[in-house]
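Using the sequences and the hints, build the whole thing.
In the order they appear, the protein sequences are chains A and B. Numbering-wise (the UniProt record's numbering), the first sequence opens with residue 1 and increments by one. Numbering-wise (the UniProt record's numbering), the second sequence opens with residue 1 and increments by one.
Warning: the hint list may mix true and false statements.
Unchecked claim - Cut-off 27 angstroms, straight-line C-alpha distance, at most; resulting in silico cross-link-like pairs (DSS-like, lysine-lysine):
| no. | chain 1 | residue 1 | chain 2 | residue 2 |
| --- | --- | --- | --- | --- |
| 1 | B | Lys240 | B | Lys182 |
| 2 | B | Lys20 | B | Lys4 |
| 3 | B | Lys137 | A | Lys275 |
| 4 | A | Lys275 | B | Lys88 |
It should be emphasised that the hints constitute simulated quantities derived from the structure, not laboratory data. This one's a predicted model, so the numbers in the text were calculated from it and none came from an experiment.
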Amino acid sequence: MSLVMSGTSARKKAVPRKSRKKRSTFDTTLGRAVLQLLGVAIFFALWEAGVHAGYISAFLMGSPSGIFATFYKLILSGELLSDSWYTLFEAILGFIIGTIFGSLFGLALWYSVFVAKLVEPFIVAINSVPKIALAPIVVLWFGTGLISKVALAVSLTALVALIAAYQAAKDADVDLQSLMISMGADKHQVFWKAVVPSTLPSIIATFRINIGFGLVGAVVGEFISSQRGLGHMIFLASSLYDLNSVWVGLFTLMILGFVLYYVIDIIERTSLPWKQATTSHQVQV
Amino acid sequence: MPPKQIQLTVQNISKSFAGKGGDVNVLDDLSFTINERDFVSIIGPSGCGKTTIFNIIAGLLEPDGGTITYRGKEIESLRGRVGYMMQKDLLFPWRTVMGNVLLGLETRGVDQKEAEEKAREYLKQFGLAGFENAYPKTLSGGMRQRVALIRTLIMDPDILLLDEPFSALDYQTRLYLEGVLKDAVQTYNKTVILVTHDIDEAVALSKRVVVLSGRPARVKVVHEIDIEATSPITARNDVKFSTYFKTLCAELDIQTETTS
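Right under this line is the structure:
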């Protein structure tokens, strides 16, 4: 007993109490989730109370109770789910096509400095046009169906991927390439074994941005002209001053974006195992 | 001892780079020879163009003039036949230890199974068995440089070009790796050209030391190092060691005694 006692007192001496930061009870995954949900609940409660007290116009702002009722109704009717799938499909398809083509083209520019320098001003010029402004033409060209939304999403994502991939290929470690050349590797081998792998982190980092742009393309395409999708639903509801439906559409988009973000996160972690090789320790300040 | 045969001759090599204030003459009329199974260290003031010599021999740079002769034949460069090792270990971070060791054999198109078997043998010999699937990030500096050495040796290069390979490591690790290198060179019958800042290292490892002058680099003097020692550590205890060391310091204009 006394041994144990002296042991603990010795440890107390060795590590002065002040230097040890006490972790808050809420500083755990569960604790943080509780705080986050609490914040959301308070936000909706204040909104609802404001509507009831007459400070907030339910006509212009909607009300949480109305939103939940609409949400429930639209889920039961199956409309929300089918609209969500439609928009999600457009966004993902546009994201995949745009990212693949953009990345491949950007990487290919590594092969020829001459071609890269030749097309660079054009890429900058095209990139400086707000792609959303293309929406009306895209609808003219590709119709009011699925293809025009995908095309818009592609136009938004492709250049982001292209510029990121080209930049990453340019920045790839020259020493690694020199090493391969000294080993007798040809240009293709240097490209596939040294350049492409080293650009992967940058390319995958654009996935996060581009998945959002995919959704933007899909929704804006639906705004312009569509019979389906969340963008269509939001546009229609707002022209009818049905604010609750508008919010349901927006919150659903938020949830979609949220889920996609974490899917990308998983892709990033599983496709770059070497980045996760060591656990990084955060510095306590 | 059999008569020394010349393996590589570098003759009248010159190279200049375009700089801000006109061309910078890095190498001017540089010539030296390397014998079969030689271990030559090249020392010289920093920035005198030692790395440029390597880049020319390895085929990464084209010289402005001069010739390279290999075993009696004039060649453009030894690209694909040299083992180039630099100060940075240059391990590919996305490849495991095994993947890094296999890099050269892969580019050469060696059968995967055969290559892996060979790699395992090398890894075992250099005490890295069990680390096949580790990523470079998780290894210590000494281990990483050992992987780089294996990656170089497994290609069975004609000549090893070592560009300050140990200078980023701590002294103990450096001593240990110098021993590993010397053993490996003996086992695999390799010719080595070592560029180093470290006079101590140059004397302990080499058969000959080439001293270069400042830019543009020219061979100032070549010293035969006559130390019969089995390891770089025992070489440092040799009676002649400090004489060589002092001579080389003097040639590099490093003051060894304070003059008041």
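Now the hints, each set against the structure:
| no. | hint | verdict |
| --- | --- | --- |
| 1 | B:Lys240 to B:Lys182 | holds, 19 angstroms |
| 2 | B:Lys20 to B:Lys4 | violated, 44 angstroms |
| 3 | B:Lys137 to A:Lys275 | holds, 9 angstroms |
| 4 | A:Lys275 to B:Lys88 | holds, 19 angstroms |
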